Structure formats: structure tokens, C-alpha cells
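Chemist: What follows is each chain in one-letter form.
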Amino acid sequence: MSLLASHNPSAIPGARFMDPVVLARIGNLSLVSRAVVDGFINGLHKAPYFGASVDFAEHRGYVPGDDIRRVDWRVWARTDRYYVKEYEAESNMNFSVLLDVSKSMDYGSIGITKLDYARILTACLTNLVHHQRDRVGFVAFDEDIVEHVPPSAKHMETVLHVLDRIKPGRPGRLREPLHKLAEHFGRRGVLVVISDFYEDPETVVDAVTPLRFRGNDLVVFHVLDPAELDFGFSNASAFEDLESGDQIPVVPEAMRKEYISLVRAHVDALQQRFSEVRVDYTLLDTSKPLDHALFRFLGGREKKMRLR
Amino acid sequence: MSFLAPLFFAALAALAIPVLIHLIQREKKQVVRFPSLMFVQRVPYKSVRRRRIHNWLLLMVRLTALALIVLAFARPFLQRDDLDTAVGTGAREVVVLLDQSYSITYGDHWERARAAANNAINGLGPDDRASVVLFSSGAEIALRSATPGERQRLTAAVTAAKPAAGATRYAPALKVAGSILADSSLPRREVVLISDFQRVGWRGEEGARLPNGTTITPVAITGGTETPNVAVTGVSLARSTFSNQERVAVTAVVVNRGMASLRGSQLALEFGGRAIQSKPLDVEANSSTSVTFDPVTVAGTFMRGSVRAGDDALATDNVFHFVVSPAQPVRVIVIDRGGTGGGALYLTRALAIGDAPRFETVARQPDTLSDDDLRRASVVLLNDIAVPAALARRLQRFVEGGGGLFVAVGSRATWSQDVDVLPASVQAPVDRTRGDAARIGALEYGHPVFEPFRAPRSGDFAAARIYGYRTVMPTPDAQVLARFDGGAPALIERRIGAGRVLMWASTLDLSWNDFPLKPVYLPFVHRAAQYLAAYTEPSPWLTVGQVLDTSLGAVRSQPVSGVVLTPSGRRVAIDEEGAEVMELTEQGFYELRGGSGDAVSGVVASNVDTAESDLTAMDPKEIVAAATAGSDNGTQGGTAGLPPTPEAQERSQRLWWYVLFLGILLLGADTLISNRMSKT
Numbered sequence: 001m002s003l004l005a006s007h008n009p010s011a012i013p014g015a016r017f018m019d020p021v022v023l024a025r026i027g028n029l030s031l032v033s034r035a036v037v038d039g040f041i042n043g044l045h046k047a048p049y050f051g052a053s054v055d056f057a058e059h060r061g062y063v064p065g066d067d068i069r070r071v072d073w074r075v076w077a078r079t080d081r082y083y084v085k086e087y088e089a090e091s092n093m094n095f096s097v098l099l100d101v102s103k104s105m106d107y108g109s110i111g112i113t114k115l116d117y118a119r120i121l122t123a124c125l126t127n128l129v130h131h132q133r134d135r136v137g138f139v140a141f142d143e144d145i146v147e148h149v150p151p152s153a154k155h156m157e158t159v160l161h162v163l164d165r166i167k168p169g170r171p172g173r174l175r176e177p178l179h180k181l182a183e184h185f186g187r188r189g190v191l192v193v194i195s196d197f198y199e200d201p202e203t204v205v206d207a208v209t210p211l212r213f214r215g216n217d218l219v220v221f222h223v224l225d226p227a228e229l230d231f232g233f234s235n236a237s238a239f240e241d242l243e244s245g246d247q248i249p250v251v252p253e254a255m256r257k258e259y260i261s262l263v264r265a266h267v268d269a270l271q272q273r274f275s276e277v278r279v280d281y282t283l284l285d286t287s288k289p290l291d292h293a294l295f296r297f298l299g300g301r302e303k304k305m306r307l308r
Numbered sequence: 001m002s003f004l005a006p007l008f009f010a011a012l013a014a015l016a017i018p019v020l021i022h023l024i025q026r027e028k029k030q031v032v033r034f035p036s037l038m039f040v041q042r043v044p045y046k047s048v049r050r051r052r053i054h055n056w057l058l059l060m061v062r063l064t065a066l067a068l069i070v071l072a073f074a075r076p077f078l079q080r081d082d083l084d085t086a087v088g089t090g091a092r093e094v095v096v097l098l099d100q101s102y103s104i105t106y107g108d109h110w111e112r113a114r115a116a117a118n119n120a121i122n123g124l125g126p127d128d129r130a131s132v133v134l135f136s137s138g139a140e141i142a143l144r145s146a147t148p149g150e151r152q153r154l155t156a157a158v159t160a161a162k163p164a165a166g167a168t169r170y171a172p173a174l175k176v177a178g179s180i181l182a183d184s185s186l187p188r189r190e191v192v193l194i195s196d197f198q199r200v201g202w203r204g205e206e207g208a209r210l211p212n213g214t215t216i217t218p219v220a221i222t223g224g225t226e227t228p229n230v231a232v233t234g235v236s237l238a239r240s241t242f243s244n245q246e247r248v249a250v251t252a253v254v255v256n257r258g259m260a261s262l263r264g265s266q267l268a269l270e271f272g273g274r275a276i277q278s279k280p281l282d283v284e285a286n287s288s289t290s291v292t293f294d295p296v297t298v299a300g301t302f303m304r305g306s307v308r309a310g311d312d313a314l315a316t317d318n319v320f321h322f323v324v325s326p327a328q329p330v331r332v333i334v335i336d337r338g339g340t341g342g343g344a345l346y347l348t349r350a351l352a353i354g355d356a357p358r359f360e361t362v363a364r365q366p367d368t369l370s371d372d373d374l375r376r377a378s379v380v381l382l383n384d385i386a387v388p389a390a391l392a393r394r395l396q397r398f399v400e401g402g403g404g405l406f407v408a409v410g411s412r413a414t415w416s417q418d419v420d421v422l423p424a425s426v427q428a429p430v431d432r433t434r435g436d437a438a439r440i441g442a443l444e445y446g447h448p449v450f451e452p453f454r455a456p457r458s459g460d461f462a463a464a465r466i467y468g469y470r471t472v473m474p475t476p477d478a479q480v481l482a483r484f485d486g487g488a489p490a491l492i493e494r495r496i497g498a499g500r501v502l503m504w505a506s507t508l509d510l511s512w513n514d515f516p517l518k519p520v521y522l523p524f525v526h527r528a529a530q531y532l533a534a535y536t537e538p539s540p541w542l543t544v545g546q547v548l549d550t551s552l553g554a555v556r557s558q559p560v561s562g563v564v565l566t567p568s569g570r571r572v573a574i575d576e577e578g579a580e581v582m583e584l585t586e587q588g589f590y591e592l593r594g595g596s597g598d599a600v601s602g603v604v605a606s607n608v609d610t611a612e613s614d615l616t617a618m619d620p621k622e623i624v625a626a627a628t629a630g631s632d633n634g635t636q637g638g639t640a641g642l643p644p645t646p647e648a649q650e651r652s653q654r655l656w657w658y659v660l661f662l663g664i665l666l667l668g669a670d671t672l673i674s675n676r677m678s679k680t
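Going line by line, the protein sequences match chains A and B.
To convert, note that position 75 of the first sequence is 75 in this note's numbering; the numbers rise steadily by one, no gaps.
To convert, note that position 478 of the second sequence is 478 in this note's numbering; the numbers rise steadily by one, no gaps.
Worth flagging that the hints you see were computed from the coordinates, not collected in a lab.
Here the structure is a predicted model, which means the values were calculated and not measured.
Ideal Cβ placement from N, Cα and C applies to all residues, glycine included.
Be aware that a few hints might be false.
Part of the chain B face toward chain A, derived, beta carbon under 7 Å [unchecked claim]:
{"#": "1", "residue": "I21"}
{"#": "2", "residue": "Q30"}
{"#": "3", "residue": "V31"}
{"#": "4", "residue": "R33"}
{"#": "5", "residue": "F34"}
{"#": "6", "residue": "V43"}
{"#": "7", "residue": "F461"}
Per the computed footprint, the stretches of chain A lying under chain B, defined by three or more beta-carbons under 8 Å from a beta-carbon of chain B, are [stated by the list, open to error]:
{"#": "8", "region": "60–70"}
{"#": "9", "region": "159–173"}
{"#": "10", "region": "207–213"}
Same shape as in the complex, but just chain A:
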């Protein structure tokens, strides 16, 4: 396995810029993710790795309840005040991808479905994180939790396997499964939510925000097909909702403008609401290469680290 990765990390130069459609045809997630991630890493020499450091970050005043072992006695000796040492990040953090596998994700107008795109993205991220020796986990959900792979340093293969096997089936709902998961992720880590977010921005934010409560870093990828974004249909047709099965007669040219503005408003609302609750939000177009998503992800991580 991983011939390409081991012998020549850049055996497929520019794989990360490849058309997701082409990547989807490769089928082997392991191979795909590695090809993408390796090339990506090679291209970013200075990229600060995830939780790779246990560097001191700052002192803060002791408050009752803090572990007294973390009191910096040298500072106390010098200043006669109790300070607690804060560190940059935890080493060996948990990394989990929460993938929406509801029926609406099984849509693609250009040869790759949103779910396939999300699979590749998940595989890439998992692969990337696994390189850091961090623990990787995976959760698939629709209206309930469908698959759950607990974070573990050894679960990389399992995650890829589950990812490969998974099939969209039921309509999706964010709130219940995500709230359930929020209670489940006890240990701090990085959570990546990938979904198409076909719910009200309020509901989405309400469903997603609890994942942050335990101090998790939360990254949200909003995956949309280009057809959903620019509504490039021409013939008047009956549109059938993938999840509910409802049909509506639609003349696309007549309503394209309003649809686009509605989607734009929706995305903007999500963006604003997520930024308010300090969640990284990235809109992904399945027609764009994956590196865009990865750049966004890693770029966002770097900024956050600098902030800290």
C-alpha cells in the first residue's frame, strides 16, 4: 500500500489540485487521501502542525478549583502571587470528523456527489491528522448517529473503511445527533462537521454550537454542489426533494435570481452566525479542488494558534 506515498511523496504532482471528479474515480480513499495530503504537506514547509507543541503560552491568575500542581511556584516565589501556567496545546489531541450522510448529500450534478466529495475531504483530513500521530475518529449521522469510530491513534484504517462503506439513506437532521455527540466528546479535541446544512441558520448554529462546550475546536465545512449554488437548470421541471420526496413544478429561469439570493443569504447568515460563536466556517463547492478546503482549514488553524 501507499507505494506512491512512501517512495515518492510527490508522485502525483498537483494531485491536490486535481478535479475532485477525477479523484472520486480513483475509489481508494487511502490512496486518494495520501496523494492529496502528501503533496499538500510537501508544499507547506512552514505549516505549524496540529498540537505539535507543548510550549508555554501564558500565565493566568489562580482561581480556586485549579489544580494546584499547575501553579507556577517560581512565579509565586518571585511575586508572592499564584499563577497557573497555560500551555499552547495538548499533544496527541483527538480529531473527529462528523459527516452528514443524509439523503440530500447524495447529490451531484457534475459527476461527484457531495457525499463523495465529503468522503475524500474526510479521508484527507484524517490522513493529514494521522500524520501528526493524533487520534482520529469518525462519526456519520443523518437524523441519528449512523456510524461511530471513537478517536484513536490506530483507527485510521477503520475510519477509511467505514468511510468507504457508508451509504446515504435517510433524511437528515442536525440537532438531535449533534447534541448527543456533544455530550459524548468528553475530551477536548478538534471536531470537523461536514454537511450541506439544509436547515435554518439558527437551527444549524444551535445544533452545532454545543460541540464547542467542552473546549473543542470546531471546524464546519458546508458542502454544496455547483447546481445548488447557481441553480443552472434550464427546463421547467418538477423538482423532487431527495429527502421528503415532495415535488414542485419549477421554471428555473424564472426563479434563479431569487433562489441564488436566498442561498447567498443562507450562506451569509451561516457565516455570520458561526463567526459570532467563533466557529470556523468554510463553504465548499464540489467542483473546486480539495486543496482549497485544506488551505482554508489549515489557514484557519494557523490563525487561531497565533491568536492563542
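Fit chain B to the given chain A structure using the hints.
Modeler: Coordinates of chain B only, in the frame set by chain A:
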């Protein structure tokens, strides 16, 4: 517009088909699976409405095309009125009908009528053609279809027209106008009817129909009937004999048809143009009176009498002409065996009675009958005598020359077998003295002899008892006029040449029957004698429009040659081969002159139809409506009752071709539009 097949409108329900297609077509087309309709659902309302507006044009085109095709199958056709308005332009064929009946001479009516005719002629367009038709009881084309260049001739024809003596009849004039218009090729047809529109001139439809699309413009010349309008409508002549001179008393009937009564006028009786008597005349409005003149001696033949009643607005009917001649007796020769018998007593006595006509009876015996007697006589009566062959031949010539022969066969009657004159061969007598006497049973009431007895209680032939009669065998060309109750012929007629022969199978005296004692005997003998003499009472006058029989005045109905002098002085030659009859057209006296042209062989008085003097006007619309049946717009009457020609019918129904073509054209346009729409 109407429809030949309106049931096809049920197919309009097919209009629902495109609507339904428009409604359901798009939704069935294809289903696009889409992740979520969350945003789509937020704009559903507009999308549906816009889509329909987008297809309005197509829908309308399809609906119109379908409706047009259905309309075409319903076979629309234009009513004739529509066609008329469609051909309402172009050159006109105008027929000016000018009433020249004598009633138009009332007051200034004639001048006004001519002015109206000239107006109609002056109103003609540059391409119009016109005819002038003068009419009274008949119609005369004064000028037919004059071209625009012949306006002068039209005016001249109107100027030359004179009132005639005829009565008004509209139907012949309308028929003449109809024939002129029917021959015309011009698109518009018009009739200008100038008349005083007398009620008496119109008797209803009379089959006068004008061609399709003819316009009738009536010009009514009326007014002025509030003055007295007197007409002498007839005279009766009462003949009498006074000291061997025949006299006649004239009684005239005068009618005042005006709205004012006539007072202090005079009624004059003229003979030969000279007034010989005058009587005062007072007539109330709308009433009549009779005036009797004193008897006048009939001095000679063909006395021309006139009764003249003053002068009023309508002068033509104020005079009445008649002709008086001495009464002509019917000469009858009764051939009897003479002597003591007196068998002809009843016969001669019966013939001696009566004035109309008077019978001049001469009694002769078979051997004393001279040729001169036969020449003067009209009827010969053989009263039960044996006729020798020589006499029989003379009688045969007499009958063939137009004479009448009455043969009564009793016990002595014989007839030469060589001469075939009798209507039956005489055979053995039948004796009915024992038992019941024979009666006269079946009578041929249609025959002139028995015609007066036709009505009930007009004479009872069955009252006569016949005790004996001769059995007779009628010849094939004889007609049995009466039979005895046993069925044996009683009276037989046969025509020979111009004459007639009657045979009575019994006697005319009391030897074999009591018939002479019965009331019907006298009228029977009179009728038989009149019939055999072919007697007709000469009419003292005729009416304009009647036919003048030029044989009048001749003793026998033989063709005459000569000339007829009309009241206006015109000489009309009548030869043997030419017209033996001529229509009376003028008021006054017609003179018939013999072949030499000098001797007056007859005079006929001609009077106008006094019904015409009734000036009561009718509504011209009545004539317009009848002549242009099927149209309801009075003076501008459009169509005539003539059925349209097949071409015209086809033309009026051809509309559906255009409608169908338009519908198909629209379907083509629909295809183009929908193709273009599906491409974009």
C-alpha cells in the same frame, strides 16, 4: 350570419383540450431530483404564475385555431341582407314605373307624377341605366335600359306620356320591371314606383316578385280627395213600346267618392253628342244616387248615348257612354200541318209573349215554306209533321248555315232517311195511357236550355204527364239533354255545321201530353228558341280593357274585314287573317266599318272602369313588402322572393373555406411559435 350545421358547435368542447394540455403538460415532463426544496419552496407562487403567462400566446393561438375550425364545420353563411350590403355599390339599373291610369288626372297629380319621374331620371348616376315603364291596367315599356347617353330620350319618353283610360294594376308593371331587372347585369337594381297608390289597384301578391336585391322607392302622388268626386258608374236601359215606337228610359247611377257632398249640379243625357235632357244632381259624400231620364224614342240603330255629370277634379269618370239600337226580334218559323188541328196554338202563343228577346213567329206549312222565309228566320220549328226529302234537304242547308231546328216528333212525324240531320232516328211510339203516365226525369241542367231551371223551385218538369212518346235512337254525335223516367231520351241535341238541332220525342201540344199546360212550358220554349237562334243580348257598352269582338254587328259569326275607328280617330285595319279582336284602350265610341270602309256595321261604347275612381290610397309599403317578400325594411326593401341561384347560394356559404383556411394557418403559426419557444 347563420349556420348550416350548428350541431358542430358541440365540438367547441374540444377547446378544453389545449387548456388541459397546457395545465398538465409541464408537470409530466421530467423530474429533477434536488437535494432540498428548502429554497425553491420559498418562491413557488411566482414561478407558477409566470409560467402560465409565458404560454398565454401559444394557448390563445391554439384555442383560436380550434374555434375557427369548429366554426368552419358549422358552415356559416351570410343572410341575403348581408350580401345586399356587400353589393351595395356600383352602377344601378333603374326602372321608373309611371302610373298613367286615368285616376292620375285627378287635380295636378299627373304633373306631379311626371315631375317625380323627371326627378328620378335626373338623379341617375353617370353609369346608371334606366327604363321608363308606363302602366295602367297593363304595362308598356316606353324606353328600355337607356344608356347614360340617352337621358334626353328618357325625358322625352316621360314628356310624351299621356294618361290612359285604364285602371291601375300594379302587378303587371312590377312583372315588367322584374323582367327588365332580371336581364340587367348591373349590380344594383332599383324600381321607382310613381303612382297615386289606389287601394283598388292592388289585389294582394299576384305573383309580382322583383329579382334579388331590388330596391323599391315608392313615390306617392296623393292628396286633394276632400273635393267631390263624382262618377257615373252605370246606366240601365228600360225599353218600352209606345204607339208602335220603341222607347228607352235611361237610368244612371251616380256615385260621389269624394269627402264632400255635391249640391246643385246637373246630370245631362246626350245622344249623338247633343244634350237632350238634364236633371238636377245632388249626391252626398261617399254615397250614390240614381237619376232616371224621361223615355227617349229609339230612332235608329247605333244611337250613341252619354250621361255626363258636371265637371270635377277627376273628369274622366264623369261621363258614361252607351249604345242603343232598336231591339232585334228572333224570327221563328213554325211549320205545322195547318188546318184544323191548331197544334201550334200553344207554341205560337208562348212565343208571342216576351220582350227580351222578342219572337217574331211565322206559321207555315211544309209546302208553303219559301226560301226567303228561311233566309230571314233564325229558328225553324217542326211540329209533328212528315217531312219530305226536298224540305229536309233545304232544312239541312239552313242548319248548316247557322240556323236552328226544333223537331217535335208525334204520331205523324217522319223524316227522310237520306238526309242526316236529326239527332236520332225515330222509331215506334210508346203508349203510356194505361197505368202511370211517363214523366220527364233526368235533365241536363248544365245545358243552356235547362240552365235557368237549375236552382230549386225554378220549374218542375216532372209535373208534366207524358202519355205517349216516340222511341228514338240517338246518333253517336248527339247529346241527350233530358230523359223520360223510363230512361228513354226525351230531348236530344245535335250540332250540324254552324247550326243546332233539337229533337223533342213527344209533341208540343196536348195530343200526347199535358206539358203545354204546365208553367215550365213557356220558359222552356223560350230558352230552346233563344238557344237555337244563338241569341245574345247586345251589350250597350264595354269597359276599357275588354276585348272588342269585331264580328259584332254581323248577323252570323263569320269573319269580317274592315276597319275600326277608335274614339281618338285612329283607324285600325282588321282583315280576315289578322287580329279579329282588339283591346279597348280608349274611352268613347268605337266604330266598326265594313270592307268598303264607309258603312258603319257596328258601334261599341267604351267606358272607363269606375272602380278606378275610388281614390282611396293604400300604404305603398304593402306593395313594397309583397314585391320584395322576405325583407322587412319598408322603402329600402332588399330582397325579392325569388330563390337565389345555386351560384349565389354557394357564394353565400363559401365563407367556411376562409374560416377553415385561417384556422389551419393559425395551427401552422402555433407550430412555429412552439418550436421557437422550446428552442429558447
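Chemist: Would you check chain B against the region 159–173 of chain A, counting CB to CB pairs closer than 8 Å, and say if three or more residues qualify?
Modeler: Not satisfied, violated; 0 residues make the cut.
Chemist: Check, residue by residue, whether the region 207–213 of chain A contains three or more positions whose beta-carbon lies closer than 8 Å to a beta-carbon of chain B, and give the verdict.
Modeler: violated (count 0)
Chemist: Hint F461 of chain B vs chain A: min CB-CB distance below 7 Å?
Modeler: Since chain A brings no Cβ nearer than about 110 Å to F461 of chain B, farther than 7 Å, the hint is violated.
Chemist: Verify the interface restraint on F34 of chain B: the C-beta must sit less than 7 Å from at least one C-beta of chain A.
Modeler: 5 Å, holds
Chemist: Restraint: V31 of chain B near chain A, CB-CB cut 7 Å. Satisfied or not?
Modeler: Result: holds, 5 Å to nearest chain A Cβ.
Chemist: Would the hint on I21 of chain B be counted as holding, given a Cβ-Cβ threshold of 7 Å to chain A?
Modeler: 14 Å, violated
Chemist: Examine the region 60–70 of chain A for residues whose CB is less than 8 Å from any CB of chain B, and state whether their number is three or more.
Modeler: violated (count 0)
Chemist: Using 7 Å as the Cβ threshold, decide whether Q30 of chain B counts as touching chain A.
Modeler: 5 Å, holds
Chemist: Does R33 of chain B hold up as a contact with chain A if the rule is Cβ-Cβ below 7 Å?
Modeler: Hint holds; R33 of chain B Cβ to chain A Cβ min 5 Å, cut 7 Å.
Chemist: Hold the hint about V43 of chain B up to the distance rule: shortest CB distance to chain A must be less than 7 Å.
Modeler: 5 Å, holds
In terms of the numbered hints stated before, the structure departs from hints 1, 7, 8, 9 and 10, listed from lowest to highest.
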